[in-house]
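**Q** So the chains spell out like this:
Protein chains: 4
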Amino acid sequence: MAVNAPLNRKLRMGLIGGGQGAFIGRVHSIAAILDNRASLIAGALSSDPARAKASAPDYDIPPERAYGSYQEMVEKESKRSPEARIDFASVATPNHMHFEIVKAFCEAGFNVVCDKPMTFDLAQAEELAKVVQKTGVVFAVTHNYTGYPLVRQARDMVHAGELGEINALRASYLQGWLRTRLETQAQKQASWRTDPKRSGAAGCFGDIGTHAYNLSRFITGLLPDKVSCLLKTFESGRPLDDYGSAAVRYQNGALGTVTASQISHGRENDLWIEIDGTKAAIEWHQEEPNKMLVRVNGQPHRLYTRAGGPYLGATAAASTRLPSGHPEAFLEAFANIYTAAYDDMARRASGQKVDAANSLYPNVADGVDGMNFIAQCVASSKEDGAWKSLRHPLCRT
Amino acid sequence: MAVNAPLNRKLRMGLIGGGQGAFIGRVHSIAAILDNRASLIAGALSSDPARAKASAPDYDIPPERAYGSYQEMVEKESKRSPEARIDFASVATPNHMHFEIVKAFCEAGFNVVCDKPMTFDLAQAEELAKVVQKTGVVFAVTHNYTGYPLVRQARDMVHAGELGEINALRASYLQGWLRTRLETQAQKQASWRTDPKRSGAAGCFGDIGTHAYNLSRFITGLLPDKVSCLLKTFESGRPLDDYGSAAVRYQNGALGTVTASQISHGRENDLWIEIDGTKAAIEWHQEEPNKMLVRVNGQPHRLYTRAGGPYLGATAAASTRLPSGHPEAFLEAFANIYTAAYDDMARRASGQKVDAANSLYPNVADGVDGMNFIAQCVASSKEDGAWKSLRHPLCRT
Amino acid sequence: MAVNAPLNRKLRMGLIGGGQGAFIGRVHSIAAILDNRASLIAGALSSDPARAKASAPDYDIPPERAYGSYQEMVEKESKRSPEARIDFASVATPNHMHFEIVKAFCEAGFNVVCDKPMTFDLAQAEELAKVVQKTGVVFAVTHNYTGYPLVRQARDMVHAGELGEINALRASYLQGWLRTRLETQAQKQASWRTDPKRSGAAGCFGDIGTHAYNLSRFITGLLPDKVSCLLKTFESGRPLDDYGSAAVRYQNGALGTVTASQISHGRENDLWIEIDGTKAAIEWHQEEPNKMLVRVNGQPHRLYTRAGGPYLGATAAASTRLPSGHPEAFLEAFANIYTAAYDDMARRASGQKVDAANSLYPNVADGVDGMNFIAQCVASSKEDGAWKSLRHPLCRT
Amino acid sequence: MAVNAPLNRKLRMGLIGGGQGAFIGRVHSIAAILDNRASLIAGALSSDPARAKASAPDYDIPPERAYGSYQEMVEKESKRSPEARIDFASVATPNHMHFEIVKAFCEAGFNVVCDKPMTFDLAQAEELAKVVQKTGVVFAVTHNYTGYPLVRQARDMVHAGELGEINALRASYLQGWLRTRLETQAQKQASWRTDPKRSGAAGCFGDIGTHAYNLSRFITGLLPDKVSCLLKTFESGRPLDDYGSAAVRYQNGALGTVTASQISHGRENDLWIEIDGTKAAIEWHQEEPNKMLVRVNGQPHRLYTRAGGPYLGATAAASTRLPSGHPEAFLEAFANIYTAAYDDMARRASGQKVDAANSLYPNVADGVDGMNFIAQCVASSKEDGAWKSLRHPLCRT
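Going down the list, the protein sequences come from chains A, B, C and D.
For the first sequence, the working numbering assigns the number 2 to the initial residue and increments by one for each residue that follows.
For the second sequence, the working numbering assigns the number 2 to the initial residue and increments by one for each residue that follows.
For the third sequence, the working numbering assigns the number 2 to the initial residue and increments by one for each residue that follows.
For the fourth sequence, the working numbering assigns the number 2 to the initial residue and increments by one for each residue that follows.
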């Protein structure tokens with residue numbers, strides 16, 4: 002089990018979004034408390050005040066902290082004593098509302114954990130990065146797949162030089178659930194994801210392609226140079242892409258590819274990544290997250306397993322709860338994002354320095370990186386795959 | 002997400018065991034609240050009163066309900082008003098203490114969730130079955146692997162006749178962690194599991210073989226007839242078995258095998274089961290719990306996935322939290338045992354009838370079955386594999 | 002077992018290349034006779050006459066038909082009676098020699114089975130297509146992976162509409178053996194493959210990328226439109242590409258990707274393909290060729306196995322030799338290319354019409370397609386991924 | 002490619018059985034010549050003289066050596082000059098005819114490769130062992146699964162002590178094709194396999210259980226002590242077992258299990274083995290023969306692949322033909338049995354000593370071992386799993 006951070010109390014959480022019918026809000030609420038380091042004590046669970054209040058009992062939020070709007074929550078929580086007010090807000094609303102909500106909480110001094118993609122568009126992301134920097138709050142964006150222990154192990158191995166120089170990356174995220182136009186059948190998840198007004202400039206690439214790109218960046222730390230992207234809409238009438246492929250050139254000369262699909266029959270949540278280095282190569286699949294292949298020419302392929310032994314590094318070990326062979330999965334990885342952010346929140350609360358730029362959890366720079374990736378992919382695709390720069394001054398280096 | 006049961010409030014949980022250094026107590030505490038249907042509010046976390054109280058903050062148990070012993074807990078919780086006292090006790094102590102603890106809570110009218118194996122020996126199990134029946138409390142034993150959605154799906158398929166008559170079962174549970182005598186190195190988990198005074202008459206077969214047997218029974222509902230068992234101790238000096246193999250004859254003529262190992266290098270928690278029916282066959286592996294193979298001669302093999310589609314039945318659907326492809330794992334399955342027990346606790350609390358004999362969760366009859374299996378395996382092995390009866394009047398039929 | 006074709010005798014084979022130290026010549030010689038429909042009776046096994054003759058006993062080629070050069074073979078075999086002369090020549094020399102050899106045999110009226118890539122460059126391929134058409138000989142190029150029974154099954158399924166309209170294709174061929182500059186160590190296979198004078202304009206993409214492209218075309222029958230390709234050389238000093246990625250636009254609007262690598266640590270011969278249709282999707286991996294996944298949203302994934310049952314079509318059934326579960330592999334698939342060509346050779350020998358344009362085996366049009374793909378990929382890569390047309394009048398439609 | 006043995010000519014093969022409609026005869030004929038070290042030149046292809054002669058052209062056997070009976074073949078081949086007569090006979094008839102045929106060829110001084118099980122019953126096997134020893138011929142029985150390169154690698158690893166002392170073995174061979182009574186539908190393969198007059202005392206256990214046992218013995222070299230076996234017939238009316246399970250005690254204290262089934266829906270030819278040693282453990286599956294798992298506690302699992310690199314020993318290297326990643330399969334493994342026997346035949350032909358007792362190929366002692374295993378399993382099963390001795394003076398030690 003994760004050891005408690007220095008702060009000798011549980012963190013107080015407020016949840017924005019997550020009202021009845023929501024999926025990701027519930028995930029946030031479970032993940033945030035899985036290690037018993039936080040309590041959910043306040044919520045603005047819906048943009049509809051009545052529904053917001055009606056949803057509160059599902060989360061054991063007392064009526065006096067079940068707010069009708071996020072604005073009310075910011076205002077009233079700010080007025081509470083430091084010993085009572087929330088430490089952080091988790092934002093689990095549709096994409097187009099993230100910016101104003103996050104900004105409000107940051108400016109009021111609250112830490113924030115925000116669902117991805119971080120904002121509706123790149124301009125918002127850039128502004129948000131400035132807000133976060135200025136306010137000094139702890140900010141995390143839930144590129145949750147980076148929370149898997151073996152993904153973190155991969156990152157440590159790359160950073161320790163075990164793969165040598167990285168030459169090639171292949172990341173892919175395949176789903177099939179939008180093979181038909183579910184959005185015309187009032188399916189809530191499909192509706193906002195295929196609506197440019199709520200989802201942003203990209204559909205499939207914004208929703209899941211950005212995860213595949215983020216995973217490439219997280220594990221290797223390579224700096225991106227340019228992207229050439231082709232987006233497709235295979236379901237006729239859908240206003241956003243539901244399939245796409247991108248080539249990414251990295252500044253060190255590596256070549257990456259990102260493929261994403263929402264129209265591949267029978268694919269569920271098939272995110273995978275392969276990384277080729279001069280010394281070794283790595284392969285990992287999200288649907289079987291407890292194992293990872295490490296290959297070196299002429300040697301037996303090595304199958305790493307979560308908690309499999311002392312060959313795993315400290316980060317992976319600290320990211321796991323159960324003995325080997327007792328599978329962990331999506332919720333635990335999501336919780337690991339929270340746990341890493343809690344460490345920084347505890348540091349901030351106790352007046353220690355927070356090294357936000359090098360956080361283990363995805364931070365606002367990663368959020369900008371993701372929004373920039375989406376923006377450049379859309380721009381590239383409009384010009385038939387023309388190369389667009391991915392160099393952005395606000396991304397993590 | 003699971004829908005709340007009729008009882009319109011959260012259940013109140015007390016935890017026995019789970020003090021610092023424990024593994025399974027933490028698992029119980031996470032699983033029990035995963036669906037937000039219970040709160041942990043009291044504990045007797047260690048048989049050492051000082052450590053019991055010191056461990057309480059880890060679980061947010063307030064000092065006034067951090068008891069120094071289970072006896073104190075029974076006594077003081079009984080005195081609280083019905084609106085305040087715990088609804089159930091979770092017992093996560095070493096095996097040899099289960100009986101007296103469970104008995105005390107049952108006789109005081111508290112529901113109980115008990116770790117497995119249920120008791121130290123068969124005689125205790127038989128007595129406990131009578132206690133449970135007499136007191137009418139809800140009692141569950143955490144044969145947790147039955148909580149996996151696809152295991153429940155398998156059970157529904159067998160019961161619906163999709164496999165036809167069951168002819169053969171193969172269940173296996175392989176681990177490697179006791180390949181060396183860890184117990185001589187003060188490793189807590191190894192120490193009690195290899196100590197006949199705390200673990201009971203069997204080591205490997207009591208700890209994990211019984212899970213494999215239970216899984217066979219749970220999925221098929223077949224009634225056992227006889228067992229022939231061979232237990233081995235491969236690590237010299239160890240007083241209990243660390244490997245074994247058993248043949249099980251079922252009353253319908255089916256032949257089952259159970260294999261269990263703690264000395265198989267590199268095996269982590271490799272529990273699997275295969276079931277051959279006259280119409281179809283099933284294969285499932287605990288380490289990759291989100292998929293299951295269903296085979297029919299002459300047809301493509303069918304790969305079922307958790308939440309994979311409407312081909313899954315209602316029980317599997319109600320046992321899953323996340324969309325398909327978002328893997329769930331050990332904790333969620335463990336939580337599913339709790340959730341099923343909560344449904345019965347809610348019924349009992351609201352005065353409804355509880356059909357304990359046919360519970361979805363493993364009940365006291367299953368606990369007796371498991372203890373009987375262990376007892377007969379040990380007896381058989383002592384007589385070189387002689388057949389011993391598995392027919393027991395208290396087992397589930 | 003495959004049924005003999007109408008021609009009531011074994012075909013007589015001559016082998017060009019395959020002398021001591023060669024790999025692919027031996028593969029041709031085994032595959033060609035696996036079904037006992039041909040005998041190897043003549044050879045020009047090396048461009049070095051002495052070695053050519055010295056190698057003959059390894060193949061049981063009698064001295065009088067162990068020729069010192071392919072020219073001698075053409076000349077002397079032509080002079081033999083129709084009842085004695087070879088029916089076909091198998092050309093297994095390095096790429097740069099294919100053209101003149103194949104041309105000579107075709108013009109002398111002999112059928113030819115040629116290793117891939119068909120020629121050194123596109124101009125040669127175009128000329129060869131004309132030669133083959135003019136002479137009316139049976140000509141096959143060993144894009145051998147199309148010989149796997151389940152690949153042919155996939156093709157039949159696409160053609161029968163089981164996948165609906167094809168939207169997306171992903172094909173990948175990963176190897177690791179050129180991770181170091183083996184070519185500097187006098188490793189024969191590495192030397193010619195990395196030498197532009199013997200291998201042609203592309204290295205990795207010519208050697209294996211073209212297989213991945215060919216597989217996409219073979220299974221779907223989609224007509225290509227344009228390609229955008231990025232080739233990389235990661236091993237410093239190597240004159241040809243050892244990694245690359247291409248996007249392929251098909252005329253029906255489908256988007257394909259082709260990835261190929263020779264520098265991915267530990268990858269052996271990892272050719273795989275995934276095809277997304279509007280009704281179903283398919284996934285197949287060369288290293289586990291006896292199974293194929295067929296997926297449809299909301300249904301259990303279907304695992305097809307070679308010889309697995311009547312759900313397989315006639316082509317797959319005719320392409321398999323052993324009962325299900327008795328794995329077949331590379332040699333059998335290679336033999337299937339020969340067997341299909343034999344059917345046409347038998348037709349030609351007995352004066353029947355040969356429908357060369359629609360052959361099951363890869364024909365000269367496919368060879369042109371492959372060479373065109375290589376040429377356009379190289380051209381595109383030189384212009385940073387500019388789109389190049391893949392429409393070629395001589396490709397199969 | 003395998004290097005030619007000292008004998009500087011191809012061996013001459015005669016085939017008994019394999020007439021039209023046969024399966025295993027064709028497999029023998031392909032495997033025997035795969036490496037071009039033998040030629041099939043004579044045959045007694047059926048017990049029906051007319052069909053025997055009619056089948057000869059399928060194998061290119063000239064009419065003068067297409068015999069009407071095996072007796073005729075023995076007689077006439079014996080009369081030919083040593084330079085012309087066959088070197089060995091391959092016996093691919095139904096089980097009940099093996100003995101008299103093999104005996105006749107041995108006594109005439111011909112080497113023999115015999116299909117398995119070696120004889121109809123144990124008494125015949127014992128007598129045959131004496132005949133082979135007395136005559137000094139090379140004799141191999143095609144327990145063909147021992148021919149897989151990675152199986153041989155496993156054996157070398159055990160013998161080199163890489164697994165330490167062997168404690169436990171689990172071998173299983175599952176099929177589903179006799180789930181219905183195919184034998185009542187004139188299916189040739191099913192008919193003789195379920196007929197005690199042609200198949201012997203056991204059905205499933207004789208046909209495939211013996212392979213699983215043989216594989217255990219081959220890899221580990223452990224000497225068996227006793228067996229307890231349970232045989233079942235699940236298809237009503239079938240006179241022989243179609244399912245069974247056995248426990249095997251080895252003389253060193255190891256415990257093995259053998260499971261075999263012909264009634265497991267959808268299982269094709271699922272032979273697998275797991276071996277637990279004190280230092281490492283191994284897992285191999287026949288349906289994916291090009292890989293093998295090697296596990297050691299606390300280390301990444303190691304995935305060995307056929308031809309995967311220098312970590313493989315000399316025996317595995319000499320048993321493979323293609324580069325890594327180019328899968329080999331059933332036929333190549335079968336051919337490896339022949340190749341090993343050819344080495345001894347060449348030694349015998351050139352007057353060298355043949356170390357028959359330690360042959361790499363399964364020899365007559367292994368054939369006795371297999372027949373003894375069947376006999377003792379049947380006897381044990383009749384007495385409800387009573388222990389029967391597997392110690393037999395003629396088995397390999």
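Hints listed in this document are in silico derivations from the structure and should not be mistaken for laboratory results.
Any given hint might turn out to be false.
It does not matter which identical chain is used: a pair holds within one copy or between any two.
[To be verified] Here are the simulated DSS-like cross-link-like pairs (lysine-lysine), alpha carbons at most 27 Å apart as the crow flies:
#1 Lys233 with Lys280
#2 Lys383 with Lys198
#3 Lys80 with Lys131
#4 Lys131 with Lys198
#5 Lys77 with Lys389
#6 Lys233 with Lys389
#7 Lys383 with Lys227
#8 Lys233 with Lys383
#9 Lys189 with Lys280
#10 Lys227 with Lys389
#11 Lys131 with Lys389
#12 Lys383 with Lys54
#13 Lys131 with Lys189
#14 Lys135 with Lys54
#15 Lys131 with Lys104
#16 Lys80 with Lys54
If you're wondering where the values come from, they're calculated on a predicted model, not measured in any experiment.
**Q** Of all the hints given earlier, name the ones this structure violates by number, lowest first.
**A** 5, 12, 13 and 14
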